[in-house]
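A.B. asks: As a plain string of letters, each chain reads:
Number of protein chains: 2
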Amino acid sequence: MFESAELGHTIDKERYAQDEPELRHALLTAQYELVKRGEFPVVILIGGVDGAGKGETLNLLNEWMDPRHIQTNAMRPMGEDKFQDRPPMWRFWRVLPPKGRIAIFVGSWYSQPLIKRVYGELKTAKLGQSIDEILRFERMLTDEGTLLLKFWLHLSRKGQAKRFKSLAKKKKTAWRVSDTDWKHLEMYDKFQSVAEHLLRETSTAEAPWLVVEGADERYRSLTIGKSILEAIRKRLDNPTRPTRIARTPPRIQPLDGLSILDRLDLTQSVGKADYEDQLALEQGRLNMITRQKGFEKRSVVAAFEGCDAAGKGGAIRRVTQALDARKYDVIPIAAPTDEEKARPYLWRFWRHIPEKGRIAIFDRSWYGRVLVERIEKYCGEPDWGRAYGEINDFEAQLVKNDTVVVKFWLQISKEEQLRRFKEREEIAFKQHKITSEDWRNREKWDDYNVAVCEMIDRCSTQVAPWTLVEANDKYFARLKVIRTIADALEAAI
Amino acid sequence: MFESAELGHTIDKERYAQDEPELRHALLTAQYELVKRGEFPVVILIGGVDGAGKGETLNLLNEWMDPRHIQTNAMRPMGEDKFQDRPPMWRFWRVLPPKGRIAIFVGSWYSQPLIKRVYGELKTAKLGQSIDEILRFERMLTDEGTLLLKFWLHLSRKGQAKRFKSLAKKKKTAWRVSDTDWKHLEMYDKFQSVAEHLLRETSTAEAPWLVVEGADERYRSLTIGKSILEAIRKRLDNPTRPTRIARTPPRIQPLDGLSILDRLDLTQSVGKADYEDQLALEQGRLNMITRQKGFEKRSVVAAFEGCDAAGKGGAIRRVTQALDARKYDVIPIAAPTDEEKARPYLWRFWRHIPEKGRIAIFDRSWYGRVLVERIEKYCGEPDWGRAYGEINDFEAQLVKNDTVVVKFWLQISKEEQLRRFKEREEIAFKQHKITSEDWRNREKWDDYNVAVCEMIDRCSTQVAPWTLVEANDKYFARLKVIRTIADALEAAI
Chain A
842 MFESAELGHT IDKERYAQDE PELRHALLTA QYELVKRGEF PVVILIGGVD GAGKGETLNL
902 LNEWMDPRHI QTNAMRPMGE DKFQDRPPMW RFWRVLPPKG RIAIFVGSWY SQPLIKRVYG
962 ELKTAKLGQS IDEILRFERM LTDEGTLLLK FWLHLSRKGQ AKRFKSLAKK KKTAWRVSDT
1022 DWKHLEMYDK FQSVAEHLLR ETSTAEAPWL VVEGADERYR SLTIGKSILE AIRKRLDNPT
1082 RPTRIARTPP RIQPLDGLSI LDRLDLTQSV GKADYEDQLA LEQGRLNMIT RQKGFEKRSV
1142 VAAFEGCDAA GKGGAIRRVT QALDARKYDV IPIAAPTDEE KARPYLWRFW RHIPEKGRIA
1202 IFDRSWYGRV LVERIEKYCG EPDWGRAYGE INDFEAQLVK NDTVVVKFWL QISKEEQLRR
1262 FKEREEIAFK QHKITSEDWR NREKWDDYNV AVCEMIDRCS TQVAPWTLVE ANDKYFARLK
1322 VIRTIADALE AAI
Chain B
842 MFESAELGHT IDKERYAQDE PELRHALLTA QYELVKRGEF PVVILIGGVD GAGKGETLNL
902 LNEWMDPRHI QTNAMRPMGE DKFQDRPPMW RFWRVLPPKG RIAIFVGSWY SQPLIKRVYG
962 ELKTAKLGQS IDEILRFERM LTDEGTLLLK FWLHLSRKGQ AKRFKSLAKK KKTAWRVSDT
1022 DWKHLEMYDK FQSVAEHLLR ETSTAEAPWL VVEGADERYR SLTIGKSILE AIRKRLDNPT
1082 RPTRIARTPP RIQPLDGLSI LDRLDLTQSV GKADYEDQLA LEQGRLNMIT RQKGFEKRSV
1142 VAAFEGCDAA GKGGAIRRVT QALDARKYDV IPIAAPTDEE KARPYLWRFW RHIPEKGRIA
1202 IFDRSWYGRV LVERIEKYCG EPDWGRAYGE INDFEAQLVK NDTVVVKFWL QISKEEQLRR
1262 FKEREEIAFK QHKITSEDWR NREKWDDYNV AVCEMIDRCS TQVAPWTLVE ANDKYFARLK
1322 VIRTIADALE AAI
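Each protein sequence line maps, in turn, to chains A and B.
In short: position in the first sequence from 1, add 841, done, that's the working numbering.
In short: position in the second sequence from 1, add 841, done, that's the working numbering.
A hint or two may mislead.
A pair counts as met if it fits within one copy or between any two copies, since identical chains are not told apart.
[As the list claims (entries may be wrong)] Keeping only pairs whose Cα atoms sit at most 25 Å apart, straight-line, the calculated DSS-like set for lysine-lysine is:
1) Lys-940 x Lys-1182
2) Lys-877 x Lys-1182
3) Lys-940 x Lys-1218
4) Lys-1075 x Lys-1182
5) Lys-964 x Lys-1024
6) Lys-1075 x Lys-1274
7) Lys-1010 x Lys-1024
8) Lys-999 x Lys-1031
9) Lys-1006 x Lys-1138
10) Lys-940 x Lys-1012
11) Lys-1010 x Lys-1134
12) Lys-1031 x Lys-957
13) Lys-1012 x Lys-1168
Bear in mind the hints are in silico, worked out from the structure with no lab data behind them.
Based on the sequences and whatever the hints tell you, model everything.
C.D. replies: Written out as structure tokens, the structure is:
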């Protein structure tokens, strides 16, 4: 796939002098329109062979366009940065640009798999996994509206050798060729073979790799500049990007009308004295587990969802009572802030992902996408339809990074909900807990049931299973919740 | 000042059992009102003698109130955390709570000065500096509307010894007493003497230390709980907090009407050929400086302000052209986001403070407070009046952390501005640079002049001087800007 990039492409001075000002002007104009309309973000990856002009291209783009609206991310090699406590993709999530902005990555999610594979630290099977992760991440980006452009700057083996030699010759530039560079030149074929594999597997319809010959600066610069211009212009001029067909497969409608929620035995209960004994016991157990040495290499992400008035708050409180307040955060999920709205949906959850040795408790969660947002039509079917896969992927990444993921659905019967709503209206200090919205949601009880069942069917995975909690009896529910967390953590440590 | 906290205060079981439920309910109610109204944040510091119940208090407050709206910050000892690249206060700024939220700090801006002074790593004079910094930081917090509550949990020497012994005796709690704890018990008097000094100097009218005897858990808990309740209630019930008298001293009105801006020789200019030669030279020099080893221990914060159409963007562009795009960020200051609006004014600048080895270029800056916000009355005189001091303090902290701070005011004449406005309206690709707001601002030319002069008089400090740039000639201005940055950086390295 590098053949066309070894033809010795060149652009002469005259043509460059003629094309460049026009290109710059058009790029700048497009950029300002992008900023002003604020409809989508642009992510540009610049990868390629060392010496092929990655750094130069980055600088040039910042010079051609208005650098105030560009953010540049030169990721340090993983292992050297500060984010090793979090899943590998965290460092990229945190710097995703908002709508209207351009982010350029030199060193991206491709760097680590490439280097590690070349050095033999990653087996082919593992490389395959990395590629899958990349594909899912990029699909999420493009589905969320990001314009993703991937450039690969290529040099032939000869070209690379020539480049290094010419740099090394002059005193002024000699420092730019490191020992590692010379070593990598020796490994040229290995690099090429892994790179080709990576590029081939990740050249998708929506974000193909654009391979550019890097030897001639003028050719390289104009080619990249024009590609970026064309892509941004095209999107600006055709703002209704083709809606991707929802990836929601047809759902099995149970012919007998029986759902997993119906199967829950909501009559289960625990007496007060028993509850108090067992709660103290389980809280003590959970507390001790979080004090163990092994906990420092783990983190916990707990998501609480449930019917209105099912007792999420109370259950969360019984968990936090057991924990040292220095070790946990409770994150209540309310309406997104404007910084959150400008970025892909999962961004506002990624930003709260805990470091090792910490527990993040989400009061409502990323499942809002397939529950309230689906039912209230805050997003379209293509959006919530793909959310199941994105969520599974998100949780798998957490688990892979030694996070224990627990998810609770607290279920009560429709009658019990009515009883609690009325109680809340009557008791003074509970009135803040009931609003007209709760009553409106109640009318959609059946819609929620369908959405909940689909959510559980599609997102209860081996690594991050859903725990359904029979919550008509609060004591029973709280015990089940805290016991589940303690069990999961114990099993992990 | 610890005498009253060694009286052996106790609360018996009966009274506790009676008071506690009522207190909890009142606290929770106050907290929900706080959240709902979202008018001010609450910051609670819990400091004191080891073993006096800091951790227990933190946990208790999270249990009594709704932990979803509390954030807990247990700062690791500085030197162990990830933020050593930034000024010491950065780690606190980044976790300041938004309006409506409560943040509890166990381990705060007092921890480091206290420990270091006890261990003799900080001379008395330096401790004095730390205290000044703390006073300024806390005054900023309270001026910005934060309800700041500071609790100091005290134990007598005997009390501390007793506490440690009783913990060490039982197998279940023995791990809680560390070697450091025993060592600190030996140093009790030293700790007390430094603590007393610290507390005395930082007990201000608005945020005095509340010393609480820590020996009796019930006494301690009720005392702290009631103090918090009372303080929050008081503020909720009297939302118009007494406006602090503006700290704007009377300004000297020059009798002859002459200002520093009038003294600028705006006719200074450079020919095109000269400009191009010198620009290349200065850009090369700046580039080389940022490649030096010494640069990795420095950072640069550059703020650009100036009349409309004075050429800020063009000047910034000439600077960034000289830099490796991996080393700088340009931060355009526009309207604050809602996350920014919920926090103290300077928060949105602190979040962009660069790590070492990096350059942050602010296109417009924190000086907006004393320029546009003052003139357009976006904030009151008490707010912009105190901003001068807050800004000087902010910049001093940067400089102290090895940041080179450069600040440019680009000045053009009123006639030159008119010429440029008209030009912008005429040339197609410049039209996005001129709006009706620019014309409106122009009418306030004289007001801006007064504000600019006051800003320069009060914020041009030795550590972070203002550079006034005569900008009628763009070439001259750009050269002066880039030369100033290169000189400042060269002097620093």
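A.B. asks: Checked against the structure, which of the hints given earlier come out wrong?
C.D. replies: 9, 10
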